[in-house]
Amino acid sequence: MSAFQKVYTKISQVTKATCSLKATGVGFDELALIQGRLAQVVKIWGDEITLQVFSGTEGIPTNAEVVFLGKAPTLKVSDELCGRFFNAFGQPIDGGPEVDGEEREIGGPSVNPVQRKQPSELIATGIAGIDLNNTLVSGQKIPFFADPDQPYNQVMANVALKAQTDRIILGGMGLTNDDYLYFKHLFENAGILDHIVSFVNTTEAPPVERLLVPDMALTAAEYFAVDKNEKVLVLLTDMTLYADALSIVSNRMDQIPSKDSMPGSLYSDLAKIYEKAVQFPSGGSITIIAVTTLSGGDITHAIPDNTGYITEGQLFLRKDTEIGKVIVDPFRSLSRLKQLVIGKKTREDHPQVMNACIRLYSDASNARTKLENGFDLTDYDRRVLSFAKDYSNELLAIDVDLKIEQMLDTAWTLFAKYFDKTEVAIKQEIMDKYWKNND
Amino acid sequence: MDKTVGKVVSIVSNLVQVRIEGPVFQNEICYIFLDEEKLMAEVIKIIGDIAYVQVFENTRGLRPGSKVEFEGHMLEVELGPGLLSKNFDGLQNDLDKMEGVFLKRGCYTPALEDDKKWSFTPLAKTGDKVRAGDWLGNVKENWLDHKIMVPFKFEGDYIVEKVADAGEYTILDTIAVLKDNKGNSHNVTMRQHWPVKVAIRAYKDKPRPFTLMETGVRVIDTMNPILEGGTGFIPGPFGTGKTVLQHALAKNANADIIIMAACGERANEVVEIFSEFPYLEDPRTGRTLYERTTIIANTSNMPVAAREASVYTAMTIAEYYRSMGMKVFLLADSTSRWAQALREMSNRLEELPGQDAFPMDLSAIISGFYARAGIVYLNNGMTGSVTFIGTVSPAGGNLKEPVTESTKKAARCFYALSQNRADSKRYPAIDTLESYSKYLEYPEFVEFSKEKIDDNWVELVNEARDILVRGKETQEQINILGDDSVPVDYHITLWKSELVDFIILQQDAFDKVDAATPMDRQRYMLRKIIGVTRAEFNFENFEEVSPYFKRLINAFKQMNYSVYNSEDYKKYEKEADEILGERVVNA
Numbered sequence: 001m002s003a004f005q006k007v008y009t010k011i012s013q014v015t016k017a018t019c020s021l022k023a024t025g026v027g028f029d030e031l032a033l034i035q036g037r038l039a040q041v042v043k044i045w046g047d048e049i050t051l052q053v054f055s056g057t058e059g060i061p062t063n064a065e066v067v068f069l070g071k072a073p074t075l076k077v078s079d080e081l082c083g084r085f086f087n088a089f090g091q092p093i094d095g096g097p098e099v100d101g102e103e104r105e106i107g108g109p110s111v112n113p114v115q116r117k118q119p120s121e122l123i124a125t126g127i128a129g130i131d132l133n134n135t136l137v138s139g140q141k142i143p144f145f146a147d148p149d150q151p152y153n154q155v156m157a158n159v160a161l162k163a164q165t166d167r168i169i170l171g172g173m174g175l176t177n178d179d180y181l182y183f184k185h186l187f188e189n190a191g192i193l194d195h196i197v198s199f200v201n202t203t204e205a206p207p208v209e210r211l212l213v214p215d216m217a218l219t220a221a222e223y224f225a226v227d228k229n230e231k232v233l234v235l236l237t238d239m240t241l242y243a244d245a246l247s248i249v250s251n252r253m254d255q256i257p258s259k260d261s262m263p264g265s266l267y268s269d270l271a272k273i274y275e276k277a278v279q280f281p282s283g284g285s286i287t288i289i290a291v292t293t294l295s296g297g298d299i300t301h302a303i304p305d306n307t308g309y310i311t312e313g314q315l316f317l318r319k320d321t322e323i324g325k326v327i328v329d330p331f332r333s334l335s336r337l338k339q340l341v342i343g344k345k346t347r348e349d350h351p352q353v354m355n356a357c358i359r360l361y362s363d364a365s366n367a368r369t370k371l372e373n374g375f376d377l378t379d380y381d382r383r384v385l386s387f388a389k390d391y392s393n394e395l396l397a398i399d400v401d402l403k404i405e406q407m408l409d410t411a412w413t414l415f416a417k418y419f420d421k422t423e424v425a426i427k428q429e430i431m432d433k434y435w436k437n438n439d
Numbered sequence: 001m002d003k004t005v006g007k008v009v010s011i012v013s014n015l016v017q018v019r020i021e022g023p024v025f026q027n028e029i030c031y032i033f034l035d036e037e038k039l040m041a042e043v044i045k046i047i048g049d050i051a052y053v054q055v056f057e058n059t060r061g062l063r064p065g066s067k068v069e070f071e072g073h074m075l076e077v078e079l080g081p082g083l084l085s086k087n088f089d090g091l092q093n094d095l096d097k098m099e100g101v102f103l104k105r106g107c108y109t110p111a112l113e114d115d116k117k118w119s120f121t122p123l124a125k126t127g128d129k130v131r132a133g134d135w136l137g138n139v140k141e142n143w144l145d146h147k148i149m150v151p152f153k154f155e156g157d158y159i160v161e162k163v164a165d166a167g168e169y170t171i172l173d174t175i176a177v178l179k180d181n182k183g184n185s186h187n188v189t190m191r192q193h194w195p196v197k198v199a200i201r202a203y204k205d206k207p208r209p210f211t212l213m214e215t216g217v218r219v220i221d222t223m224n225p226i227l228e229g230g231t232g233f234i235p236g237p238f239g240t241g242k243t244v245l246q247h248a249l250a251k252n253a254n255a256d257i258i259i260m261a262a263c264g265e266r267a268n269e270v271v272e273i274f275s276e277f278p279y280l281e282d283p284r285t286g287r288t289l290y291e292r293t294t295i296i297a298n299t300s301n302m303p304v305a306a307r308e309a310s311v312y313t314a315m316t317i318a319e320y321y322r323s324m325g326m327k328v329f330l331l332a333d334s335t336s337r338w339a340q341a342l343r344e345m346s347n348r349l350e351e352l353p354g355q356d357a358f359p360m361d362l363s364a365i366i367s368g369f370y371a372r373a374g375i376v377y378l379n380n381g382m383t384g385s386v387t388f389i390g391t392v393s394p395a396g397g398n399l400k401e402p403v404t405e406s407t408k409k410a411a412r413c414f415y416a417l418s419q420n421r422a423d424s425k426r427y428p429a430i431d432t433l434e435s436y437s438k439y440l441e442y443p444e445f446v447e448f449s450k451e452k453i454d455d456n457w458v459e460l461v462n463e464a465r466d467i468l469v470r471g472k473e474t475q476e477q478i479n480i481l482g483d484d485s486v487p488v489d490y491h492i493t494l495w496k497s498e499l500v501d502f503i504i505l506q507q508d509a510f511d512k513v514d515a516a517t518p519m520d521r522q523r524y525m526l527r528k529i530i531g532v533t534r535a536e537f538n539f540e541n542f543e544e545v546s547p548y549f550k551r552l553i554n555a556f557k558q559m560n561y562s563v564y565n566s567e568d569y570k571k572y573e574k575e576a577d578e579i580l581g582e583r584v585v586n587a
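Chains as they are written, first to last, in the working numbering: chain A, 1 to 439; chain B, 1 to 587.
Any given hint could be a false lead.
To be verified - Simulated coverage check for chain B against chain A, where a stretch passes if three residues somewhere in it have a Cβ under 8 Å from a Cβ of chain A:
1) 54-67
2) 269-279
What the hints assert, rightly or not - 20 Å max Cα-Cα, derived SDA-like pairs, lysine to any residue:
3) A:Lys-427 <-> A:Pro-351
4) B:Lys-557 <-> A:Asp-390
5) A:Lys-370 <-> B:Phe-542
6) A:Lys-71 <-> B:Ser-10
Since the hints were made in silico from the structure, they are not lab data. We put the beta carbon where it would ideally sit given N, CA and C, even for glycine.
Chain A extracted, bound-state conformation (with noise of 0.2 Å):
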């Protein structure tokens, strides 16, 4: 700190999360210390400057000392962030010593969109409602929809041990306390802690913190990217947390909501977070996994709405009563990358045998609904029903763990066991090629 920094002890105003004073010279987005705890100018008023502040504004006395530090929130990046833990701040919280590298403002500017590359690479994860029907590219940006009583922490952590990928960058959201030691301890013993970056904001730390999680975890992400032509997956959980914290700020600068309380920019500052993911010509890319819950599935809240505007695809778990395990809902999930990748890098039959099961698995379901209804099923119906439910347990469950190639013969097995050639309707040559002769 300079010796001539301006000390300021006059307090205007103070509010839940801001506090005002009058001040000058003062840049837009810069940051300012109120006794020792980091605050943002979000307003400039003439000479009124509003601050937010980030642990919240307890205590705050109206003669405080603030002193402003004339830059944006920055992140030091180099190597040395591998294996480390950070708060929202993107200070050490794992005991080790502060990280030494190039000072970078964190929310830098967005990439030219005539540098970037369209994504082609896939990545594989070893979950066949994944990579059989949803298949991801690097550069995607795609989030799990789920209910919070799914394991979406846990299907996000699995996706991240099993992609081959050179770089890992969590950033947490309001995670329990739980969580985040279970992503820990789960780094750890993979042997991989030193691939991982965290920047972690958990439940026991003021909820407008969370706001610089995903910027900070991005910053670094591009350091990989961009300097070290990296393979970077950046895992974000929990962006609805992310976006109640939004509108708690906004409704805190008496700003009009929009639909479901949030701020009118919801859009915007999503999509300034979705769009950090790229694929460079270079050869680096940054693939954002992210998690959205939902309440009750309600896909129209909002934040999945707006995400889904965003994001390439969703990914949607759901508990399947049947077999009693969580799956990766065929019907409403979607990557809108996968045509750039199956049957290309991955064998011929992919797209026909991904969409063959998808057919017959829905007329299982209009099976059901004949059945619920108390219709009379036909043989076809009955048939239907039982590779429903091997086709769930044996593919879209989340517990999967098999190769490409291992998922699409699964699916030749079971359409081989329940159906004859013209149910399945799969263009004759890769069928000649491919059905399983059981017996």
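With chain A's structure known, arrange chain B on it following the hints.
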């Protein structure tokens, strides 16, 4: 004239108050000086000596007291040869000229090339009386005839004093000298500027649209046609195929020029256009699609205020080419993002909000924009047109939200994408019964269709629509009563409607042949299918109906996949006819 200057007083995100020391006007462009950077901004409100400006950039680090210079003009675009095959941002900066991987704040690049030579041929001659928009000469831009016009800003009549000889010129060279009625001479170059929020009106007359704009998409051309100079919009929840449909339209539409405004949407979708269009063949010219395309990319992570500018920039470029007598097709994806940008600003201005916190004048702004499309008679009697289709992303898939409602008032065609159709993979997922084209009722179009398509065209289209309505009603009754509790006729009615759905409405955008259907072929198929639906069928029980029609649909579908009038096509037609022979009474 000296520029008005001012100083920054207040900052809330990208809304900045400036204390001004001279005159400014509404929508005037200014630059805010922040250290070495210049941030572009636009005046949106003036109270006393305070001008409210919206900054087209991130305002991080901006301090009160920063110097502001007002430019004396509104947000303008550069017009001239060299606009095609370009990737611009919302403010018409050429993205390919920018350095570095990341967009740098305050970095503005020129839209056109000052040093490139164009081969000019004069069209006007000395002594001609001309006015704004009249053609002075012609240059080849890719393969298109790019007209060099009397600048739109010229008011009144002029006499041509001199036109340059045929030869190679840059956009800065004088290619004509015009004399106004006071006797003053004005030099004209191939480049001109025009404010994006003002419509270009250099035409004689704007009639009601009357000719079909062929898109190759059957559910549009046949069922809900859009006309040259017409307007339409596509609302749909996410995942229903808005973007795929827009790309299909861009690829196949029978237009001279395609302008795509990616307004606040995904960057990877723009990358898809960048990487595919240079290699896609324009089916009518054999050249690449890129040669007739301009892309305005203001993706969702680019500054919000420039999002609003992007649709106006795109429209102005479209109007510019229309003035050359071209058929321009303008696509904007998505206008909801533009409306949201308006909302963010209105909110910061602390205006009283309308529904869902959108500004009160949203409806007027949208209508004003759609009104700029249209077919026009130019001063020389030629026609030019801007056909506009915008997508709308309704929040929560609810079509009662303000942007959809406002757009419905402004656009003449409504293409409702349905989640149900998308879920059951019936693409394009346009719900024909929910959708409409007001042009079907235009006497001008009825006349046109009689002459150019079919004597009874509109009747046939309405008949197809009725079959779909009846099919839907029957489906509901069967669902309630059960398959075996309704007469066999119900099943036949349902399957006739399915036949129309599968063969006319559904289309495979990824199949080489089926992706685009010429009008002649659409006419043939509609006649054929309507013929089938008029026939009487003989079935013993309902269980025979669905397998029979599935076979029939399959044969017709193979026809759709075959090259028109090819051997395969005829083979499948014969197959379909044979299937019909099995069951049709009195065939």
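Taking the hints in turn, this is what the structure says about them:
| no. | hint | result |
| --- | --- | --- |
| 1 | 54-67 | holds (count 8) |
| 2 | 269-279 | holds (count 5) |
| 3 | A:Lys-427 <-> A:Pro-351 | 11 Å, holds |
| 4 | B:Lys-557 <-> A:Asp-390 | 32 Å, violated |
| 5 | A:Lys-370 <-> B:Phe-542 | 17 Å, holds |
| 6 | A:Lys-71 <-> B:Ser-10 | 18 Å, holds |
In the structure shown, a violation is registered for the earlier hint numbered 4 alone.
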